Amino acid sequence: DTGVSQNPRHKITKRGQNVTFRCDPISEHNRLYWYRQTLGQGPEFLTYFQNEAQLEKSRLLSDRFSAERPKGSFSTLEIQRTEQGDSAMYLCASSLGRTGTYEQYFGPGTRLTVT
Amino acid sequence: GQQVMQIPQYQHVQEGEDFTTYCNSSTTLSNIQWYKQRPGGHPVFLIQLVKSGEVKKQKRLTFQFGEAKKNSSLHITATQTTDVGTYYCAERRRSSNTGKLIFGQGTTLQVKP
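So the protein lines, in turn, are chains D and E.
FYI, my numbering numbers position 105 of the first sequence as 105, with every residue one higher than the one before it.
Here my numbering runs 1000 ahead of the position in the second sequence, where the first position is 1.
Don't take each hint at face value.
When the alpha-carbon atoms are kept at most 30 Å apart in a straight line, the in silico DSBU-like pairs for lysine-lysine are as follows [what the hints assert, rightly or not]:
#1 Lys-1069(E) with Lys-1057(E)
#2 Lys-57(D) with Lys-1057(E)
#3 Lys-1070(E) with Lys-57(D)
#4 Lys-1059(E) with Lys-1070(E)
#5 Lys-1069(E) with Lys-1059(E)
#6 Lys-11(D) with Lys-1036(E)
#7 Lys-1069(E) with Lys-57(D)
#8 Lys-57(D) with Lys-1059(E)
Only some residues are given here: those of chain D computed to face chain E with a beta carbon under 8 Å [as the list claims (entries may be wrong)]:
#9 Asp-24
#10 Glu-28
#11 Arg-31
#12 Gln-41
#13 Phe-45
#14 Tyr-48
#15 Ala-53
#16 Leu-91
#17 Tyr-102
#18 Gln-104
#19 Phe-106
#20 Gly-109
Some residues of chain D that are not near chain E, with every Cβ distance over 12 Å (derived) [as the list claims (entries may be wrong)]:
#21 Arg-64
#22 Glu-78
#23 Gln-84
Just so you know, these hints were derived from the structure itself, not from any lab.
All values reported here derive from a predicted model rather than from experimental measurement.
Ideal Cβ placement from N, Cα and C applies to all residues, glycine included.
Let the sequences and hints guide you as you build the complete structure.
Here it is in structure tokens:
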């Protein structure tokens, strides 16, 4: 499978616990995005990596959230001290970034439930 | 918050009927991308529109970008049950040079067989 993969697919955690999600983008894609999607809403941008550099973070990304892409390949998104409001689908997307080919390929997402 | 508005939020049609979703912005859009998300699935890219007045077709789907680049529409002719899902328009922001997408709220299409 050469698409974007995300792990785990589902995560149930208790409030206050830390969670970490992983995204493996399409191998030749240098651009990687994290989005959050809640029920009935479109995805909302969280953060963007070009290769290993994190170039933009949304104001939605509080200081409890941190993302990394250490070698410019896979990325991790960590949420510390989870709150019930963090319950959502976390989507990762990647793109090639060349002129004219900006379509983003989304992974299946990690659904987080905070109890 | 989101700056791209989509209407309607929901649409129920009989199989074979047409369907249209509209995407509107108060500001000029750099471009518009359309995505489809099946129930339980993830967004899948359909098309990108860049030029004023642009019209593109994919089989039964017709995409339009307004002359003023402030609105866009997706029209499906003779819907089929396989068209069920949520259709999102999204602006790819050039201003920050990241290509991040700003999504509308989506239009959920239900098709009765």
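Consistency of the hints with the structure:
{"no.": "1", "hint": "Lys-1069(E) with Lys-1057(E)", "verdict": "holds (18 Å)"}
{"no.": "2", "hint": "Lys-57(D) with Lys-1057(E)", "verdict": "violated (35 Å)"}
{"no.": "3", "hint": "Lys-1070(E) with Lys-57(D)", "verdict": "holds (26 Å)"}
{"no.": "4", "hint": "Lys-1059(E) with Lys-1070(E)", "verdict": "holds (25 Å)"}
{"no.": "5", "hint": "Lys-1069(E) with Lys-1059(E)", "verdict": "holds (24 Å)"}
{"no.": "6", "hint": "Lys-11(D) with Lys-1036(E)", "verdict": "holds (25 Å)"}
{"no.": "7", "hint": "Lys-1069(E) with Lys-57(D)", "verdict": "holds (27 Å)"}
{"no.": "8", "hint": "Lys-57(D) with Lys-1059(E)", "verdict": "violated (38 Å)"}
{"no.": "9", "hint": "Asp-24", "verdict": "violated (14 Å)"}
{"no.": "10", "hint": "Glu-28", "verdict": "violated (16 Å)"}
{"no.": "11", "hint": "Arg-31", "verdict": "holds (6 Å)"}
{"no.": "12", "hint": "Gln-41", "verdict": "holds (6 Å)"}
{"no.": "13", "hint": "Phe-45", "verdict": "holds (4 Å)"}
{"no.": "14", "hint": "Tyr-48", "verdict": "holds (4 Å)"}
{"no.": "15", "hint": "Ala-53", "verdict": "violated (11 Å)"}
{"no.": "16", "hint": "Leu-91", "verdict": "holds (6 Å)"}
{"no.": "17", "hint": "Tyr-102", "verdict": "holds (5 Å)"}
{"no.": "18", "hint": "Gln-104", "verdict": "holds (6 Å)"}
{"no.": "19", "hint": "Phe-106", "verdict": "holds (4 Å)"}
{"no.": "20", "hint": "Gly-109", "verdict": "holds (6 Å)"}
{"no.": "21", "hint": "Arg-64", "verdict": "holds (21 Å)"}
{"no.": "22", "hint": "Glu-78", "verdict": "holds (20 Å)"}
{"no.": "23", "hint": "Gln-84", "verdict": "holds (21 Å)"}
Hints 2, 8, 9, 10, 15 from the list above are not met by this structure, while the remaining hints are.
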